[in-house]
Every structure is written in C-alpha cells, then in structure tokens.
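Top to bottom, those sequences are chains Z and V. This note's numbering numbers the first residue of the first sequence as 610 and each following residue consecutively. This note's numbering numbers the first residue of the second sequence as 48 and each following residue consecutively.
Rather than coming from a laboratory, the hints here were simulated on the basis of the structure. Hints may contain errors.
[Claimed, not checked] Straight-line distance between alpha carbons at most 27 Å, and here's what the computed BS3-like set of lysine-lysine pairs gives:
(1) V:K149 <-> Z:K690
(2) Z:K690 <-> V:K335
(3) V:K152 <-> Z:K692
(4) Z:K755 <-> Z:K645
(5) Z:K690 <-> V:K162
(6) V:K335 <-> Z:K764
(7) Z:K764 <-> Z:K732
These figures come from a predicted structure and were not determined experimentally.
Residues per chain are reported as follows:
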Amino acid sequence: MKSTRVIFQKGMTAFLMILGCLALSQNQASAALTIKANHDHIKIDFFYHGSTVSVSGISDPGTDLIIKITAPEEHQSLREKGKVGGILWMNVETLNVEHVPSLYFLGSTRKIEDILSGEEMEKHLIGYPALQRHVTLSPVSGEDEKTKWFNEFVKFKEASKLYSVSSGDVALTEKDGRQSYYTLMKWPYQASPGTYTVTVYEVKDKKVIDKAESHVLVEQAGLIASLSGMSKNNAAAYGALSILAAVGAGFGVGLVFKKSGGAH
Amino acid sequence: MYLYLPVALTSVNILVPVGLGLVVGLLSGLFGVGGGFLMTPLLIMLGIPSTVAAATDSNQIVAASTSGTYAHWKLGNVDFKMGFYLLIGGFSGGLFGVQLIKVLKAMGNADFVIKITYVLMLGIVGGYMFFESLSAMKKKKKEEEETKPGKESGLVRFLKILPFQAHFEKSGVTHSILVPIIFGGFVGILAAIMGVGGGFLMVPVMIYILRMPMHVVVGTSLFQILFNCIEVTFLQAYTNHTVDFILAVLLLVGSTIGAQVGTVFGRKLKGDQLKILLAGIVLMVTVKMIFDLTLNPSLLLAQAGGH
Numbered sequence: 610m611k612s613t614r615v616i617f618q619k620g621m622t623a624f625l626m627i628l629g630c631l632a633l634s635q636n637q638a639s640a641a642l643t644i645k646a647n648h649d650h651i652k653i654d655f656f657y658h659g660s661t662v663s664v665s666g667i668s669d670p671g672t673d674l675i676i677k678i679t680a681p682e683e684h685q686s687l688r689e690k691g692k693v694g695g696i697l698w699m700n701v702e703t704l705n706v707e708h709v710p711s712l713y714f715l716g717s718t719r720k721i722e723d724i725l726s727g728e729e730m731e732k733h734l735i736g737y738p739a740l741q742r743h744v745t746l747s748p749v750s751g752e753d754e755k756t757k758w759f760n761e762f763v764k765f766k767e768a769s770k771l772y773s774v775s776s777g778d779v780a781l782t783e784k785d786g787r788q789s790y791y792t793l794m795k796w797p798y799q800a801s802p803g804t805y806t807v808t809v810y811e812v813k814d815k816k817v818i819d820k821a822e823s824h825v826l827v828e829q830a831g832l833i834a835s836l837s838g839m840s841k842n843n844a845a846a847y848g849a850l851s852i853l854a855a856v857g858a859g860f861g862v863g864l865v866f867k868k869s870g871g872a873h
Numbered sequence: 048m049y050l051y052l053p054v055a056l057t058s059v060n061i062l063v064p065v066g067l068g069l070v071v072g073l074l075s076g077l078f079g080v081g082g083g084f085l086m087t088p089l090l091i092m093l094g095i096p097s098t099v100a101a102a103t104d105s106n107q108i109v110a111a112s113t114s115g116t117y118a119h120w121k122l123g124n125v126d127f128k129m130g131f132y133l134l135i136g137g138f139s140g141g142l143f144g145v146q147l148i149k150v151l152k153a154m155g156n157a158d159f160v161i162k163i164t165y166v167l168m169l170g171i172v173g174g175y176m177f178f179e180s181l182s183a184m185k186k187k188k189k190e191e192e193e194t195k196p197g198k199e200s201g202l203v204r205f206l207k208i209l210p211f212q213a214h215f216e217k218s219g220v221t222h223s224i225l226v227p228i229i230f231g232g233f234v235g236i237l238a239a240i241m242g243v244g245g246g247f248l249m250v251p252v253m254i255y256i257l258r259m260p261m262h263v264v265v266g267t268s269l270f271q272i273l274f275n276c277i278e279v280t281f282l283q284a285y286t287n288h289t290v291d292f293i294l295a296v297l298l299l300v301g302s303t304i305g306a307q308v309g310t311v312f313g314r315k316l317k318g319d320q321l322k323i324l325l326a327g328i329v330l331m332v333t334v335k336m337i338f339d340l341t342l343n344p345s346l347l348l349a350q351a352g353g354h
C-alpha cells in the first residue's frame with residue numbers, strides 16, 4: 610500500500626514538472642511576441658481621407674508572422690442583381706450575410722498557404738476560404754451557390770476597400786538574436802467608426818505557436834461628430850437647418866448676381 | 048482637397064460635388080428641371096449610398112430652385128397662380144405615389160416597376176420633345192406663322208369644356224383649375240414612384256398640355272420644384288436620417304451659381320432650342336439607363352436601401 614503511494618507521488622511530481630516546463634516554454638513564447646499598432650486612435654474630422662496604421666513588434670527568430678485586422682462580426686444585407694426576362698439586370702433579391710466582419714485585412718511575411726496548414730487557417734479564421742466556411746449566407750441553395758455569392762461578396766468588399774488579403778508585406782529584421790517585424794497599411798476612409806482588433810499570429814512548422822492582440826479605435830470628432838449626432842438625435846432641427854441653409858444660399862447667390870447685373 | 052461626409056460616411060474631393068452642382072444648376076436655370084434624374088445616379092457613381100444620394104439631392108435642389116425662382120421672378124417669369132394649383136396636384140399625387148410604392152414593395156416587384164417607368168417616361172418625354180421641337184424649328188424656317196392653331200387636339204378641346212375655367216394672366220392661357228391639379232397629380236405619382244422631383248415631366252406638361260410660353264414654364268416649374276423639395280428634404284431628414292449636410296452644401300455652392308448662369312443663358316436661346324437641348328439630355332440619360340439594364344454589371348451585389 611505504502612509503495613503504491615510512493616509510486617503515485619513520484620508520478621505526480623514528474624507530471625507537474627513536465628507541466629511546469631510546458632508552461633515555461635509557453636510563457637517564453639508569449640513573452641517574446643509583442644504587438645503595437647501605431648496611430649491606434651483614428652479621429653474622423655472635417656478633412657479626413659483615410660489614414661495609415663503601422664503594426665510592429667518582436668517575435669521569436671525563425672518564425673513567420675500573419676497580421677489580421679477585423680471588425681466585430683455582424684449581420685449585413687446586400688442587394689443581389691439578377692437577370693429578369695433573360696435580358697434586364699435588376700435587383701432581384703436580398704442577400705443576408707451573418708457572422709461577418711465589415712472589415713477584414715490580412716498581411717503576412719510569406720504566402721499564407723505556404724506557412725500555415727488548412728486546419729490552422731480554419732481554426733483562427735485566416736483567409737477567405739476559412740471565412741467562407743464561418744459565415745452564413747441566405748438564401749442560397751447548396752455549396753456551389755454559397756461559393757458564388759461569397760466570392761461576389763468579397764469582390765464587393767474589395768471594391769469598397771474594406772477587404773484585402775496580401776502576402777510579403779510584413780518585413781522582418783534580425784538583430785542581437787531578436788526578430789522584429791513591421792508593416793504599414795493604408796486605413797480606408799470607407800471604414801466606419803468602431804473598434805477594430807489587430808491580431809498577430811506567430812507561425813512555425815505550419816502551426817500558430819503564439820498570438821498577440823491590439824486594437825485600433827476609429828471615432829468621429831468635432832463638427833463631423835456633431836452633425837452626425839444631430840442628424841440622428843435631433844432630426845427635425847437638422848432637417849430645418851438643411852432647408853434654411855439651402856434657401857439662404859439660393860437667395861444669397863441670387864442677390865449677388867442681381868448686384869453684378871446677371872439677371873435684371 | 049478632401050472633405051469627409053458625416054451621413055454618407057465617405058470622403059470626397061471637394062471639386063467633384065461643386066463641379067457636379069454647377070452643371071446640374073446650369074440645367075436647372077436653363078430648363079426649369081431640378082436635375083434629380085441626373086444628379087442622383089452621378090452621386091451613386093461617386094460612392095454615395097443611394098438613399099443618401101436621393102435625399103441630399105433634394106436638399107441641394109432647394110438651393111438651386113430658390114436661386115432659379117428668384118432670378119426668374121425678377122424677370123417676371125413665374126406664374127404663381129398656376130404654380131399653386133400644380134403644387135396642390137403634385138402634393139396629393141406624391142402622397143398617393145408613396146402608398147403605391149409600399150403596395151408594390153409588398154408584392155415584391157417594386158424595383159422592376161420603378162426601372163421600367165423610368166426608362167419609358169424618359170424615353171417617351173425625351174423622344175416626343177426632340178421630334179416636336181425639331182419639326183417646329185423646320186416649320187419656322189419655312190413660314191413663321193401657321194404652327195400652333197392647327198395643332199389643337201381633341202384633348203385640348205376637351206380641356207376647354209371642363210368646369211372652373213380661370214384665366215392665368217402671366218401665362219396668357221385659360222384653363223379649368225382642374226387641369227393643373229389633375230396633371231400635377233399625375234406627375235406627383237410618377238415622381239414618387241421614380242424618387243425624383245418630376246421637373247422633367249412637369250415641364251412638358253406645361254408646354255404641351257397647359258400651352259404655357261416656354262419662359263414662364265421654366266420659372267413656374269422651379270417655383271413648384273422648390274416647395275416639393277422642401278417637403279421631401281424634411282421628410283427624408285426626419286424619418287430616414289439620410290440628408291448629408293456637408294455634401295448638400297458642396298453641391299449647392301455649384302448649383303446656385305449654375306442656376307443663375309443658366310437663367311442668363313436661357314434668355315439668349317429660343318424656346319425650341321431650349322426644348323431640343325433638354326430633350327437631348329433626357330434621351331442621353333435614357334440610353335445610359337438602357338445600357339445599365341442590359342450590360343453585364345461588374346459587381347453582382349450592391350448596398351441595400353434606396354430604389
């Protein structure tokens with residue numbers, strides 16, 4: 610009985626030691642990977658025409674990196690164009706897309722398919738195929754139709770500059786046994802106010818070995834925030850203001866032209 | 048220089064909306080149309096959501112038509128009496144048209160009806176005006192007189208026997224007050240279906256049915272459009288929150304000046320020349336719409352909302 614207890618205690622000690630080692634290696638990895646999104650508070654003011662966001666940090670030497678920026682998942686409704694009577698293109702139906710981010714950017718050190726396995730891409734929602742399996746589209750009948758409309762959805766989003774997948778745009782430099790990464794991306798003015806999540810994935814042997822997160826906050830400021838707020842919260846006054854400004858401008862220009870002899 | 052639009056949630060080069068406003072304002076001053084049938088599609092092409100484009104356009108038309116009405120009023124070209132009856136008709140027709148759209152939407156074929164109405168109305172109106180003014184111009188070359196009296200159709204004779212006849216001094220015509228109310232109502236229904244102010248429909252009604260002189264037609268149409276667009280702007284801002292103030296200001300900077308220049312140019316052109324120009328523009332828009340409907344689109348998805 611006593612010997613069984615000794616064996617059990619020894620076993621437990623060995624198990625805890627292994628666990629400790631594993632935790633240590635895990636800690637070392639996460640301590641190594643850092644992320645910083647510079648210009649992480651974008652203010653939409655009167656002259657706003659988009660911005661730039663740079664993401665940088667330190668990672669383990671010999672690893673590849675994938676950077677993903679996404680908006681929170683939401684529901685989107687879009688109009689489908691289809692042929693009516695065989696010749697006329699018209700809006701025929703509404704396509705509903707569930708669990709989809711309004712913005713999705715992906716950048717990496719190398720081609721993603723070469724550095725990450727399909728399983729891992731699916732698990733971390735990396736790449737359009739993984740996103741396609743994650744979202745729900747309706748109404749669609751069958752996988753072929755889902756693929757068709759998902760591809761159309763990506764085309765629409767890419768045309769609006771809200772979706773982008775590229776590779777080779779994350780630069781790596783090694784110094785004193787440390788690897789640092791850096792990427793600079795254009796932030797589109799089409800991206801609406803909100804909080805966006807920036808995730809960096811550290812990749813080795815086709816697997817994600819660590820990840821770190823940061824955020825980019827986009828908000829309206831100054832006159833833009835006041836007008837946007839007024840149009841929603843004080844709609845009657847906003848409507849009256851719009852009309853008065855238009856009538857005033859019309860009369861004003863009329864008077865100027867009258868003085869300059871344009872009309873009688 | 049770029050400016051951010053707080054309701055459209057997009058950024059535009061300041062010169063583009065000002066330039067667009069200038070061109071559409073010019074047409075407004077020349078022909079007495081609001082220009083919604085041109086401006087709204089152009090704004091959508093710039094990346095403005097369709098609902099915001101339509102609502103902001105009506106806000107901009109308020110400025111252009113104020114400027115135009117003021118210029119034409121100074122020239123003595125506004126028939127306020129006729130404008131008032133047309134407004135009554137247009138307003139009632141608009142209310143009915145909005146209900147009709149609701150029914151069509153419930154039936155699921157609103158988009159088809161809207162697009163076909165648009166193409167047909169633009170095509171018929173543009174085509175008729177084009178050929179009518181072309182033949183009128185040819186006739187005038189041969190002999191100055193003998194154009195109008197012989198043309199009196201059955202419709203005109205019927206209009207003369209209607210009750211409530213009244214004389215409209217400014218236009219120099221006598222009609223039953225029911226005529227502008229009924230035709231104003233008809234235009235109001237179509238305008239509501241198409242989501243436009245209806246100037247390009249109202250102008251031909253005044254020329255061919257009410258037989259008003261071209262210069263009074265332009266001033267009176269602008270007066271009528273002004274009140275229609277004030278109503279639409281308020282309703283859009285209040286119920287749909289789709290009026291973009293900054294975009295409207297940029298557009299109206301161009302359109303108010305354009306409307307004044309248009310009025311001055313209009314005085315130098317003859318009625319038939321004006322008609323054929325307007326007809327040409329309407330026909331061009333029709334052709335563009337037919338291309339849009341038949342050519343393969345580059346994107347099969349579009350933002351929801353709007354027509």
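Going down the list of hints, with the structure as the test:
1. V:K149 <-> Z:K690: With Cα atoms ~21 Å apart, K149 of chain V and K690 of chain Z stay inside 27 Å; holds.
2. Z:K690 <-> V:K335: Holds - the C-alpha atoms of K335 of chain V and K690 of chain Z are around 18 Å apart, at most 27 Å.
3. V:K152 <-> Z:K692: Status holds; Cα separation ~19 Å.
4. Z:K755 <-> Z:K645: Status violated; Cα separation ~37 Å.
5. Z:K690 <-> V:K162: Given that 27 Å is the threshold and the Cα spacing comes to 13 Å, the pair holds.
6. V:K335 <-> Z:K764: holds (24 Å)
7. Z:K764 <-> Z:K732: holds (24 Å)
Of the hints listed earlier, the one the structure fails to meet is number 4.
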